[in-house]
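Trainee: Residue strings, one per chain:
2 protein chains.
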Amino acid sequence: MRILLKNGRVINVFTGEVEDQHVLIEDEKIIGVGDYYTEEDADSVQDMAGSYICPGLIDGHIHIESTMLTPAEFARAVLPCGTTSVVADPHEIANVCGADGIRYMLEASEGIGLTAYIMLPSCVPATGFDEAGARLTAADLEPFYDHPRVLGLAEVMDYPGVVAGEADVLEKIQAARRRGRTVDGHAPLLTGKDLDRYIAAGIGDDHECSSVKEAKERIRKGQRVMIRQGTAAQNLKDLLPLFEEPWAHRCLLASDDKHPADLLEKGHVDDMIRQVVRAGKDPITAIRMATLWAAECFGLRDAGAVAPGYTADLLVLDDLSGIRVRDVYCKGKRTVENGRLLPWEAPVVGAELARAVRSSFNLGPLSEKDFHLEHSGIRKCRVIRLHERQLITGEWTADIDFDRENGVDIARDILKLAVVERHHDTGHKSLGFITGAGLKKGAVASSVSHDSHNLIIIGTDEKEMAAAGNRVREMGGGCVAVDGGKVIAEMPLSISGLMSEKGAAEAARENEELRHSVHLLGVPQDVEIFMAMAFVSLPVIPHLKMTTKGLVDVDRQQIVPLIL
Amino acid sequence: MRILLKNGRVINVFTGEVEDQHVLIEDEKIIGVGDYYTEEDADSVQDMAGSYICPGLIDGHIHIESTMLTPAEFARAVLPCGTTSVVADPHEIANVCGADGIRYMLEASEGIGLTAYIMLPSCVPATGFDEAGARLTAADLEPFYDHPRVLGLAEVMDYPGVVAGEADVLEKIQAARRRGRTVDGHAPLLTGKDLDRYIAAGIGDDHECSSVKEAKERIRKGQRVMIRQGTAAQNLKDLLPLFEEPWAHRCLLASDDKHPADLLEKGHVDDMIRQVVRAGKDPITAIRMATLWAAECFGLRDAGAVAPGYTADLLVLDDLSGIRVRDVYCKGKRTVENGRLLPWEAPVVGAELARAVRSSFNLGPLSEKDFHLEHSGIRKCRVIRLHERQLITGEWTADIDFDRENGVDIARDILKLAVVERHHDTGHKSLGFITGAGLKKGAVASSVSHDSHNLIIIGTDEKEMAAAGNRVREMGGGCVAVDGGKVIAEMPLSISGLMSEKGAAEAARENEELRHSVHLLGVPQDVEIFMAMAFVSLPVIPHLKMTTKGLVDVDRQQIVPLIL
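Quick note, the sequences are listed as chains A and B, same order.
Using our numbering, the first residue of the first sequence is number -5, and each one after it goes up by one.
Using our numbering, the first residue of the second sequence is number -5, and each one after it goes up by one.
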């Protein structure tokens, strides 16, 4: 089957030119680009009438789980944005379900229009402070390299391990490099000698740069920089100078973590390009980052360009600076027509796998005494301090009066925090205090709690915390807001406690209701409590975090006691 | 073992910047680049005192056999030029010795200082008109892909086969692409739809561009362009506009075929860069082509840059525009110091292989009647016309009087040409006429005759031709000039009839004597007869050629009779 897209303005990502050309597609491939093709060369002809033909957009690094959508629903949400490939790190589900989680993501992303490339999670569990649902060694990852959509090793967050030369993590890196595969990095603020050691281990890119200085050091040292614009972590504005040479061709675009409403309202990679253009940068440069240069990062030889031999992943754009996507072709097949998604069947995941990822919650009922701290009197305690719209937390030393509300002090915004192991019903849990959440009543609980995805709860009293925790448990995973022991909003995430069974619009609506519900509990308008909470248990981001094993001083990489 | 190169001016090929830095090497790798390293970080320190530190130069496409040197002697010749890697296509020896030839080149290039990457010859024999010493199928090439220095499939010269969709050649291309390997192209003047088909088959680069227009079409269609400057084919001057963006980053440098004297007198990739600089272009751009961008073409992730994790192949340059190479490090080991090659042992090739490549000549003695054409009277004949310094030949129709000197007419420069099968003693041979060689007496003969490397002879009479041919036969391969039945100069090429056993200087001297000797026979000063002769039997270059099977009309791809 040959399709001729005639009279297009083809965006040439090799040269940055825009050329008046016809594009000839045969089955999954582009087989010709030239003004010499005629209708006789094709079985079917589409007149582009001067619209732009652009390679499909590539998200260089995303955790699909963070969208709370299954891969198929995610695809439905982003195909109209012109995303034809994502490089996904199933790190979240792997921390819950181990190798089954990776298998699920591979099966559930087969035939969903866009191509979901998979990077193998490198840090399951993320650190020694974590109690994840599984542990993945180099040997566990080994068989996945044969899968045609597996590209390499996902973000190596254990940068202290790499810098220290720890065998486990180096073995995983070397396994990928021996195969000539890409190894993604994650090393915020690492610099100088430590960064050299990290890069020399074989780590080819980073998506954690928050300043131009940080990005330039990495590019000069040979890494590619993924400019990240997610729902929480937003680096685009600060990294705008990278949209000029000599930096641009060493950069790509990534979303990392995107919430469903954000995807539906603003868009995906297309929205990053729009933001870049609004900031006065060249759309073609941004498009090159989101196509060819992304493909090059992963050694993909036939992706990211409109040229002979390339996969026919392409977009018809009515407008360049607005990236108004009219049609989308994935592997030569139209998946979006006039902005509307054409229907397709979601893949059916094997019954055993489908069951495995839906039965990840393994925890007995919780009672209020599970949230009681056995201390008395006024004690100096470490309190985790949330910062607005940041994943970095602070440490605040506060006098806690355990004799009043077991330490909770709503007036001073000192609330109770719990992290409860929920994979293997070990009974392990930690209790502590947090400030910055702003609840005046009730509690919030979630099974989305990077990276181990244990049950995390912030509450104003023990009863409310138990109610919230139990509701998440009953749903087999999800997020909930509770007031007076009653659910005021909830979002079930029955697939490994991370993903919804629902469509993107419905999931986004549920998520929005949940987000807004917390303001009824007193959470300030500018605090995204579920997002903030999701990173309170991740001891790879500074400064004070809490896992099931206790408070973690991230900078010193050690467990520290609640009471000083 | 850690070496610190301090106070260097490091050429950053990622950004094009030159930075004052120290470079830390550990064993084979660069492990750090920064101003924060001190002598305490290293076991040994070298003060660069402001000299440039440049990644080692990469020749993107070379036939080492064309230098007439063994890989070790070739390395000795080019290491002082700063060449630390070559991507070699052992196409010539493979056409003589088949898989043994590839094996020989791999063994003979192990541990020779520079890294000799190997591309697997795609066209053995080159065409159906050829009688080579061997035939290599996709299955024959298969096992070589596991060798760590084998990168992909070498220049696919059979572009008519690719365009026509012939299964044999497509199978070889697909075998390389399935492994994610590079497939080199060779398709001079191919354009439009045919070029699209050729590229769409999976061919990633071309080194045959002779005009900017040709090169730009290829770059726009996604190929990388190798700018070639060999002894015979010289495209650098015509392609100078490519040393600017948006073209430059899609280009690399290649020598293809270089004669030994040329290497010793002018240099190698370094000399290309010097020529570029003399023409007013930026040396850094040329260096980036010869390093990182070459590595990218072949998917080499740790070659071509001075950066953490990269192989410590680097040069110390006293001067940038002159590329004056002071020291050369290969895999962290100094191989050139103050411009002098440090001694090392040539690799020892296994006895059986060594024997195999030295017994490639299989041909009985020749007599004058072997060169006699059984025609009489005056007949209109096709005569091959040599053009000065071009591989392209013409067709001239001349009246040949077979009753006088069996058609030879020195006054009109019509000489006799013979191509004699020499691999399997089949007795196959072709006789014809050639103009442009200019011999007034004697004969010349050579076993270097692309790509089948049969015995080729141009002579003024049959006796001289027999004498010349027999001498090449006695040497087991080589080149010879004969006058009055006596050798006036010769160059034995006992390794498969292509390579000398001698060192570069001695081989170059022999070759120069041979080159000059032919002028005694009347060959004009501006005719390089051995080089011209070496391409007279290659039916992939237009327009009229002769193989053992007869005259070939290359444009029509068919055998044509001598007499019209």
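Think of the hints as simulated: they come from the structure by calculation, not from any bench.
A portion of the hints provided could be inaccurate.
Since the list gives no way to pick one copy over another, a pair counts as held whenever it fits inside one copy or between any two copies.
Below 20 Å or equal to it, Euclidean Cα-Cα: the simulated SDA-like pairs (lysine to any residue) are [unchecked claim]:
#	residue 1	residue 2
1	374	256
2	210	101
3	210	429
4	275	239
5	23	-3
Being a predicted model, the structure only gives us computed values, none of them experimental.
Trainee: At most 20 Å between C-alpha atoms: does residue 23 with residue -3 qualify within a copy, between copies, both, or neither?
Mentor: within (10 Å within a copy, 49 Å between copies)
Trainee: With identical chains treated as interchangeable, where does the CA-CA distance between residue 210 and residue 429 reach 20 Å or less: within a copy, between copies, both, or neither?
Mentor: Neither. Shortest intra-copy (35 Å) and inter-copy (61 Å) distances fail the 20 Å Cα cut-off.
Trainee: One pair to classify: residue 210 and residue 101, alpha carbons no more than 20 Å apart. Within, between, both, or neither?
Mentor: Answer is neither: 38 Å inside a copy and 42 Å across each miss the 20 Å cutoff.
Trainee: At 20 Å max between alpha carbons, let me know whether residue 374 reaches residue 256 within a copy, between copies, both or neither.
Mentor: Neither: 40 Å inside a chain and 81 Å across chains, both beyond 20 Å.
Trainee: Between the shortest in-copy and the shortest cross-copy C-alpha distance, which are at most 20 Å for residue 275 and residue 239: within, between, both, or neither?
Mentor: both (12 Å within a copy, 19 Å between copies)
Of the hints listed earlier, those the structure fails to meet are numbers 1, 2 and 3, in rising order.
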